[in-house]
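Enquirer: Read off the chains here:
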Amino acid sequence: MPPSIALRGVSKVYRPPKKPPYLAIDRVDLEVDEGRFVSVVGPSGCGKSTILSLVAGLIPATIGTITIRDDPVRAVRTDVGFLFQRDALLPWRTVRENVSLALRFCGLGRREIADRVDPWLVRVGLAPFADNFPHELSGGMRKRTQLAQSLVVDPSVLLMDEPFSALDVQTRNLMENDLLELWGASGKTVLFITHDLEEAIALSDELVVMTAGPGRIKARYPVRLPRPRNVSEVRFAPGFASLYERAWSDLRDEVLRSYERSLRSAS
Amino acid sequence: MSATATLGVERVPLARREWFVRTLQLGVILFFIAAWEGLGRAGLLDPFYYSRPSLFAPRIAEWFAPGSTAGDIWLDIRVTMTETVLGFLIGTLLGLIVGYAFARNRLLGLAFDPLLSMFNAIPRLVLAPVFILAFGIDLASKVALGVTLVFFIVFFATFAAVRDVDQTLVDNVRILGARRRDVTFEVLLPAAFSAIVASLRTSAGFAFAGAVVAEYIGSNAGLGRRIATAEAFFDSTGVFGGIVLIALLALLLDSLLQFVEGRSSRWKPRRER
Ligand SMILES: Nc1ncnc2c1ncn2[C@@H]1O[C@H](COP(=O)(O)OP(=O)(O)O)[C@@H](O)[C@H]1O
Ligand SMILES: [Mg+2]
Numbered sequence: 001m002p003p004s005i006a007l008r009g010v011s012k013v014y015r016p017p018k019k020p021p022y023l024a025i026d027r028v029d030l031e032v033d034e035g036r037f038v039s040v041v042g043p044s045g046c047g048k049s050t051i052l053s054l055v056a057g058l059i060p061a062t063i064g065t066i067t068i069r070d071d072p073v074r075a076v077r078t079d080v081g082f083l084f085q086r087d088a089l090l091p092w093r094t095v096r097e098n099v100s101l102a103l104r105f106c107g108l109g110r111r112e113i114a115d116r117v118d119p120w121l122v123r124v125g126l127a128p129f130a131d132n133f134p135h136e137l138s139g140g141m142r143k144r145t146q147l148a149q150s151l152v153v154d155p156s157v158l159l160m161d162e163p164f165s166a167l168d169v170q171t172r173n174l175m176e177n178d179l180l181e182l183w184g185a186s187g188k189t190v191l192f193i194t195h196d197l198e199e200a201i202a203l204s205d206e207l208v209v210m211t212a213g214p215g216r217i218k219a220r221y222p223v224r225l226p227r228p229r230n231v232s233e234v235r236f237a238p239g240f241a242s243l244y245e246r247a248w249s250d251l252r253d254e255v256l257r258s259y260e261r262s263l264r265s266a267s
Numbered sequence: 268m269s270a271t272a273t274l275g276v277e278r279v280p281l282a283r284r285e286w287f288v289r290t291l292q293l294g295v296i297l298f299f300i301a302a303w304e305g306l307g308r309a310g311l312l313d314p315f316y317y318s319r320p321s322l323f324a325p326r327i328a329e330w331f332a333p334g335s336t337a338g339d340i341w342l343d344i345r346v347t348m349t350e351t352v353l354g355f356l357i358g359t360l361l362g363l364i365v366g367y368a369f370a371r372n373r374l375l376g377l378a379f380d381p382l383l384s385m386f387n388a389i390p391r392l393v394l395a396p397v398f399i400l401a402f403g404i405d406l407a408s409k410v411a412l413g414v415t416l417v418f419f420i421v422f423f424a425t426f427a428a429v430r431d432v433d434q435t436l437v438d439n440v441r442i443l444g445a446r447r448r449d450v451t452f453e454v455l456l457p458a459a460f461s462a463i464v465a466s467l468r469t470s471a472g473f474a475f476a477g478a479v480v481a482e483y484i485g486s487n488a489g490l491g492r493r494i495a496t497a498e499a500f501f502d503s504t505g506v507f508g509g510i511v512l513i514a515l516l517a518l519l520l521d522s523l524l525q526f527v528e529g530r531s532s533r534w535k536p537r538r539e540r
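Respectively, the protein sequence lines represent chains A and B.
Residue 201 in this note's numbering sits at position 201 of the first sequence, with consecutive numbering throughout.
Residue 438 in this note's numbering sits at position 171 of the second sequence, with consecutive numbering throughout.
For the record, the hints were derived by calculation from the structure and aren't laboratory data.
Keep in mind that the hints are not guaranteed to be accurate.
Claimed, not checked - Derived CB-CB ranges, DEER-like:
1. A:R111 <-> B:S522: 37 to 47 Å
2. B:Q525 <-> A:L182: 43 to 53 Å
3. B:A368 <-> A:A237: 51 to 61 Å
4. B:D431 <-> A:R123: 27 to 37 Å
What the hints assert, rightly or not - Which chain A residues face chain B? A few, computed with CB under 7 Å, are given here:
5. P60
6. V76
7. F84
8. P91
9. W92
10. A102
11. G107
12. W248
Note that this is a predicted model, so its numbers are computed, not measured.
Virtual Cβ for every residue (Gly too), placed ideally from N, Cα, C.
Bound-form chain A, shown alone (with noise of 0.2 Å):
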């Protein structure tokens, strides 16, 4: 079987106008199998949601191939789920129209379209605010909607970038475990970024170490946690503290260089 998400050589150089051109991520090598959660953690600006965007296909690769079960990255992909750190719903539609948008575009009837829809937003909790506007919702409750909204066509891969950073403590958790509980037995691919080391452990199958940009890979962790996992729980769980240790030793460094790089460039 080949892997879900493949990243083979792949380097970015982004070209802005009037600037330098600026090498965000530099030969990176990710193979993903089929139905695992894996997380990527690094320093802000080290080139995590550069890897999330070519994996979508929403810009492309200066070097290297990138490959969704053997088919290769070369426009946006539809058959991916994509959860932005910013709010990406449409704010002049209702939540069920905002989580109807893919399969409205895919041509559906109303009378499918609401057959799809509507246990979807019953799974997230949010029939009862189905008519409202997204600014009428709280954090948590956007999250929501976004998700629904990439799951309702079922792909089987969803990239997630840093979804849950803004949100509080509380709610964050609630989420990361009705995310758990969505995927289970889902089957799907998770490529998951965060900053948060805590979160990647007690999420994933997988943790990937990011160096400070330009991006490279520096080390790969198995997170042998068992599931089903309580998010609030699993970080007292025997091994976790152990992982932790590890990875931010690993991270640390990288955190602190490119911490010493922003001052240097704000100097």
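Since the structure of chain A is provided, determine the placement of chain B with the ligands on it from the hints.
Expert: Chain B with the ligands in isolation, oriented as in the chain A frame:
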């Protein structure tokens, strides 16, 4: 129980009490009218130039009376309103199309930028005589002036809204399967409409002002014409009657648009409305 009791005791500041604010506003208006009337009667404000509320109020009533000697007031209102609505609609449509095209096509935008800036720098009202010469004394010249005023407001609103649209929204719908057309209709045009609605009251106000000014400068009918005629006879009461009528109409138009704006901005957070 005790909680509600304590809440009841809390004082609502005067500025937050609807009836108080309304009464205050009415008071200010009444005071203004009374002062005008009083100064006029006392001879401090020469009624020959400044008229008086007690003179122009009956005049307005007389215009509306059947068989008025001053011509059909409803015809004047209809003419001015037709010019306003046409100027507004055509200007908005052109502004939307050109603004959208320029935001989507960088080269087009760059090519026309200096020319448009130049046009926009012209005080539009000086174009009124030009339009009257070019389009004649009837409807077309009034509409043309309104269009030049409305166009730039809508053009800039649309251009900025489409150019600065949140890229995350675009990326998200593309991953959800949006084609080019879907991106236009689901993201770019709604963003543009939102900006247009936000400037609706300004642009409609300009269309109205354009119509009245062009009528004043040269026309056969309309509220602007009515004022110009009164002025020609040194009839300041007629001039003020026309001005007050125009102000009332503008107020009516504005509250109508405020209603439309509220209706179409339900999706916006309150502070952005
Ligand atoms: N469109 C762009 N143009 C120029 N530079 C960019 C662009 N997008 C990202 N970058 C730069 O690339 C680096 C990596 O960005 P990003 O992938 O967003 O990092 P992360 O998500 O890890 O914080 C950053 O230094 C950022 O400033
Ligand atoms: Mg990022």
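Enquirer: If a hint holds in the structure, say so; if it doesn't, say that too.
Expert: Hints and how they fare:
| no. | hint | result |
| --- | --- | --- |
| 1 | A:R111 <-> B:S522: 37 to 47 Å | holds, 41 Å |
| 2 | B:Q525 <-> A:L182: 43 to 53 Å | holds, 44 Å |
| 3 | B:A368 <-> A:A237: 51 to 61 Å | holds, 59 Å |
| 4 | B:D431 <-> A:R123: 27 to 37 Å | holds, 35 Å |
| 5 | P60 | violated, 14 Å |
| 6 | V76 | holds, 5 Å |
| 7 | F84 | holds, 5 Å |
| 8 | P91 | holds, 6 Å |
| 9 | W92 | holds, 5 Å |
| 10 | A102 | holds, 4 Å |
| 11 | G107 | violated, 9 Å |
| 12 | W248 | violated, 31 Å |
Hint compliance for this structure: hints 5, 11, 12 are broken, all remaining hints hold.
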